[in-house]
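*Asks:* The primary structure of each chain is shown beneath.
2 protein chains.
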Amino acid sequence: MMQDKHYLMIPGPTPVPPAVAAAMSRPMIGHRTDDFAAMHKRIVERLRVVFQTGNDIFILTNSGTGGMEAAVANTVSPGDRVLALVTGNFGERFARIAREYGAEVDEVHFGWGNCVDLKAVEEKLSSARYKVVLATQNETSTGVVNDIAGIGALVGKTSALLLVDGISGVGGIEIKMDEWNVDVLVTASQKALMLPPGLAMVAVSPKAWEVVAGNKSPRFYLSLPAAKKACEKWNTAYTPAVSLFAGLDAALEMMMAEGMDNVYARHMLMARATRAAVRALGLEQLAPEEAASPVVTAVKSPAGVDGDDIRKVLRKEYGVTFAGGQGILKGKIFRIAHMGFADKMDVIIAISALEMALARIGQPVDLGSGVRAAQKVFLGGNE
Amino acid sequence: MMQDKHYLMIPGPTPVPPAVAAAMSRPMIGHRTDDFAAMHKRIVERLRVVFQTGNDIFILTNSGTGGMEAAVANTVSPGDRVLALVTGNFGERFARIAREYGAEVDEVHFGWGNCVDLKAVEEKLSSARYKVVLATQNETSTGVVNDIAGIGALVGKTSALLLVDGISGVGGIEIKMDEWNVDVLVTASQKALMLPPGLAMVAVSPKAWEVVAGNKSPRFYLSLPAAKKACEKWNTAYTPAVSLFAGLDAALEMMMAEGMDNVYARHMLMARATRAAVRALGLEQLAPEEAASPVVTAVKSPAGVDGDDIRKVLRKEYGVTFAGGQGILKGKIFRIAHMGFADKMDVIIAISALEMALARIGQPVDLGSGVRAAQKVFLGGNE
Numbered sequence: 001m002m003q004d005k006h007y008l009m010i011p012g013p014t015p016v017p018p019a020v021a022a023a024m025s026r027p028m029i030g031h032r033t034d035d036f037a038a039m040h041k042r043i044v045e046r047l048r049v050v051f052q053t054g055n056d057i058f059i060l061t062n063s064g065t066g067g068m069e070a071a072v073a074n075t076v077s078p079g080d081r082v083l084a085l086v087t088g089n090f091g092e093r094f095a096r097i098a099r100e101y102g103a104e105v106d107e108v109h110f111g112w113g114n115c116v117d118l119k120a121v122e123e124k125l126s127s128a129r130y131k132v133v134l135a136t137q138n139e140t141s142t143g144v145v146n147d148i149a150g151i152g153a154l155v156g157k158t159s160a161l162l163l164v165d166g167i168s169g170v171g172g173i174e175i176k177m178d179e180w181n182v183d184v185l186v187t188a189s190q191k192a193l194m195l196p197p198g199l200a201m202v203a204v205s206p207k208a209w210e211v212v213a214g215n216k217s218p219r220f221y222l223s224l225p226a227a228k229k230a231c232e233k234w235n236t237a238y239t240p241a242v243s244l245f246a247g248l249d250a251a252l253e254m255m256m257a258e259g260m261d262n263v264y265a266r267h268m269l270m271a272r273a274t275r276a277a278v279r280a281l282g283l284e285q286l287a288p289e290e291a292a293s294p295v296v297t298a299v300k301s302p303a304g305v306d307g308d309d310i311r312k313v314l315r316k317e318y319g320v321t322f323a324g325g326q327g328i329l330k331g332k333i334f335r336i337a338h339m340g341f342a343d344k345m346d347v348i349i350a351i352s353a354l355e356m357a358l359a360r361i362g363q364p365v366d367l368g369s370g371v372r373a374a375q376k377v378f379l380g381g382n383e
Numbered sequence: 001m002m003q004d005k006h007y008l009m010i011p012g013p014t015p016v017p018p019a020v021a022a023a024m025s026r027p028m029i030g031h032r033t034d035d036f037a038a039m040h041k042r043i044v045e046r047l048r049v050v051f052q053t054g055n056d057i058f059i060l061t062n063s064g065t066g067g068m069e070a071a072v073a074n075t076v077s078p079g080d081r082v083l084a085l086v087t088g089n090f091g092e093r094f095a096r097i098a099r100e101y102g103a104e105v106d107e108v109h110f111g112w113g114n115c116v117d118l119k120a121v122e123e124k125l126s127s128a129r130y131k132v133v134l135a136t137q138n139e140t141s142t143g144v145v146n147d148i149a150g151i152g153a154l155v156g157k158t159s160a161l162l163l164v165d166g167i168s169g170v171g172g173i174e175i176k177m178d179e180w181n182v183d184v185l186v187t188a189s190q191k192a193l194m195l196p197p198g199l200a201m202v203a204v205s206p207k208a209w210e211v212v213a214g215n216k217s218p219r220f221y222l223s224l225p226a227a228k229k230a231c232e233k234w235n236t237a238y239t240p241a242v243s244l245f246a247g248l249d250a251a252l253e254m255m256m257a258e259g260m261d262n263v264y265a266r267h268m269l270m271a272r273a274t275r276a277a278v279r280a281l282g283l284e285q286l287a288p289e290e291a292a293s294p295v296v297t298a299v300k301s302p303a304g305v306d307g308d309d310i311r312k313v314l315r316k317e318y319g320v321t322f323a324g325g326q327g328i329l330k331g332k333i334f335r336i337a338h339m340g341f342a343d344k345m346d347v348i349i350a351i352s353a354l355e356m357a358l359a360r361i362g363q364p365v366d367l368g369s370g371v372r373a374a375q376k377v378f379l380g381g382n383e
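Those sequence lines, one after another, are chains A and B. So for the first sequence, this note's numbering puts the first residue at 1; every next one is plus one. So for the second sequence, this note's numbering puts the first residue at 1; every next one is plus one.
Here chain A stands alone, though its shape is the one from the complex (with noise of 0.2 Å):
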């Protein structure tokens, strides 16, 4: 395999652009300067049009999961109720969170490879008076995505808090935080932002403004409040993570160019060819039709083949990797990321070597099948 020709095709990291590189290798800059905080504020206005919200938006120096855990810090206090909608690792991990803060937590899990249903929901928020929801909008480990709309039209109804951890899906798949009723949506720059690992975003609604306030739990580092405050003349409350910074300019530069709908449509062909692909070559995807990831395909290994032993040959023999299973899920599935800086070309990359590697570890396949699958998806693709 020739050095250096490697494609990096998991959920994240994802692979960085040449103009997100450059920008991140420019000379550094001091953070309490008028230049960092002109591309502070021009970050976050246009994170605003990704959000599609008018809350504060606030970058901290962490990957995802901190993220997640401001959000839960500065609203959940000890004893407070909590309901998690589960779908996998992921939710998993944020009902893990709200207990560490001391929660009686109501984790409904909807199993792995299946998405929220809606009607649980329903019954769960007239069942009893909840302090916080927590939701995933892209379930990372399964390639499942839940309807925040949905979720959010039910609890947007109650008192409760809906925290969303948006980390794999938000700049790859809509979302509305203001329309849709999210409280806190979370998201982070190693995914579909085109960044590094290294930095989350984390908005707050007004609604959610009133708990965090005055929220009990220890923040000192993740709290939203000094964040704030130091938002108010574009600083942050620490330092931040001035290159990455760089890079987020960067990449949301790109993506205004590009256009968010166009953003939104070329993750949902390529999500389309890959199943279509994958479909072609006998193969069964994890996640149902009609909840199935547009940044993420989890398809499962064929029977009586370990999903790893399949990636193996992959990443030696093409360069290619892809995703393993977690959990439950381990050597079960492997996922296929679409996600971020990646077209119909990076898809046919994909479904052609792992056609070929099928082939080599004697699996019957027809070369060629998935790649034409895919390119019938992108010639009567909705471009």
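The hints are simulated quantities; they were obtained by calculation from the structure and are not laboratory data. A couple of the hints might just be wrong.
Heads up, the list lumps identical chains together, so a pair's fine if it works in one copy or across two of them.
[To be verified] 35 Å max Cα-Cα, derived DSBU-like pairs, lysine-lysine:
(1) K131 to K216
(2) K312 to K229
(3) K312 to K216
(4) K131 to K229
(5) K312 to K228
(6) K228 to K216
(7) K131 to K228
(8) K216 to K229
(9) K124 to K216
(10) K228 to K5
(11) K300 to K228
(12) K119 to K229
(13) K330 to K229
Given chain A, work out where chain B should sit, using these hints.
*Replies:* Chain B alone, transformed into the frame defined by chain A:
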């Protein structure tokens, strides 16, 4: 002023060497890969040389304050008695974090510009039983370096843990974690380690682990037990800032090639030259000579002059950025960093620009006299 001719001389973020910028621009890799694990292991082994320790070292994706909070959240529970040795802004911050976690904090403030008085520490330690002692190695806000060896010798005789904020010192000022009885040592990427901000390093002694394992404060993203478990396979508990890790790997490679003794000698030489130049210009340094920092020199503004006015001229006319005063020292001092990717010519630039800026604002100045004093130190210096 020519475009892109900037000289960043603040005590973090510091300039990034070209080799480090290049390493950070390498294509993204997954963080659950053998390549990442090998890099992670190499980084920790080299950090052990810098920290002079055999202890566990964890690299957290957040800025230094997050590292300070990790130190506190994993060792302090509500009601614990904490002794905070404060010599400026960052000592105050450490104490504030401990209070946020419910500690009863005895805050001993030695005054802005002074260092910790060991006699006072000895008295305090004999007067009460503390669970934790907080100290700052290099108080960035005043350009004062504290005697961690002396503090550690005293604290080591008690059951208390010594938590040291080494954020602006480690890598530029020698520290011997094990020999000096430091139990938790925190540093960050954007100072003497020559990286952009975004990483904190936290080292933990066996004595500290006994407390950390069962500590009762909420901690998830900043959990040291979670970091330890992941680190067994050179993994990280949560998604790491991959590009900053790659940069850290390259920066440590540079430091190992130079040799840590040479790194420390270079910083001390720059500091001596800066102080000689400041004196030759008739200006006064804030710190007493015996506690003057090797990595940042705080200089009192001339009588009747606002230090921020000098800084404005420096930045606008010469592209040189010094730091201002913080807290009660705002406007009263300016701070010249000689930290990280800095050598003799950076001192010459700083001093000659300072001479011209003083002339510009109408202060009497013997042009070239500061530069000459620095040159003499370099020519007679202990290289």
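*Asks:* Can you list which hints this structure breaks, lowest number first?
*Replies:* Hints 3 and 12 are the ones this structure does not satisfy, whereas the remaining hints hold.
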